[in-house]
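Modelling step: build the complete structure from the supplied sequences, incorporating the hints.
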Amino acid sequence: MNIFNQIIRGILFLVLAIFGLAMAFVFMVSTAIAIGILYVVARVKGRPFGVKAYWADRRQAGDGKNIFKNKDVTDIEMREIP
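Take 4 as the starting number for the sequence shown in the working numbering and just add one per residue.
Hint data in this document are derived by calculation from the structure and do not stem from the laboratory.
This one's a predicted model, so the numbers in the text were calculated from it and none came from an experiment.
Heads up, the beta-carbon is just placed ideally off N, CA and C, and yes, glycines get one too.
Hints are not guaranteed to be accurate.
Taking CB as the label site, the calculated pair distances span [to be verified]:
1) ILE14 x TYR42: 37 to 45 angstroms
2) LEU15 x ALA56: 46 to 54 angstroms
3) TYR42 x GLN63: 15 to 23 angstroms
4) ILE79 x MET26: 34 to 42 angstroms
5) ARG62 x ASN8: 57 to 65 angstroms
6) MET26 x ALA59: 30 to 38 angstroms
7) ALA20 x PRO51: 50 to 58 angstroms
8) ALA45 x ALA25: 25 to 33 angstroms
9) PHE16 x ILE84: 43 to 51 angstroms
The following block contains the structure:
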């Protein structure tokens, strides 16, 4: 009976491992497709595609605007008293 349980556990582990590998493969393929779409859109719009260009663009967009509605921003630290 012990050998039978070990065989069942081994089969279950193998099935779960294959399922995990399949999920990782689907995630990698979907990420590659998303990056490809972003690359094509950037090329069509005439922008460079890369991390440096993205952050430079985000910095330029945020320079002129104040992200806070009011000027009074406070930092609050809250602690729970037992």
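Here is how each hint holds up against the structure:
{"no.": "1", "hint": "ILE14 x TYR42: 37 to 45 angstroms", "verdict": "holds (42 angstroms)"}
{"no.": "2", "hint": "LEU15 x ALA56: 46 to 54 angstroms", "verdict": "holds (48 angstroms)"}
{"no.": "3", "hint": "TYR42 x GLN63: 15 to 23 angstroms", "verdict": "holds (21 angstroms)"}
{"no.": "4", "hint": "ILE79 x MET26: 34 to 42 angstroms", "verdict": "holds (41 angstroms)"}
{"no.": "5", "hint": "ARG62 x ASN8: 57 to 65 angstroms", "verdict": "holds (60 angstroms)"}
{"no.": "6", "hint": "MET26 x ALA59: 30 to 38 angstroms", "verdict": "holds (35 angstroms)"}
{"no.": "7", "hint": "ALA20 x PRO51: 50 to 58 angstroms", "verdict": "violated (41 angstroms)"}
{"no.": "8", "hint": "ALA45 x ALA25: 25 to 33 angstroms", "verdict": "holds (31 angstroms)"}
{"no.": "9", "hint": "PHE16 x ILE84: 43 to 51 angstroms", "verdict": "holds (47 angstroms)"}
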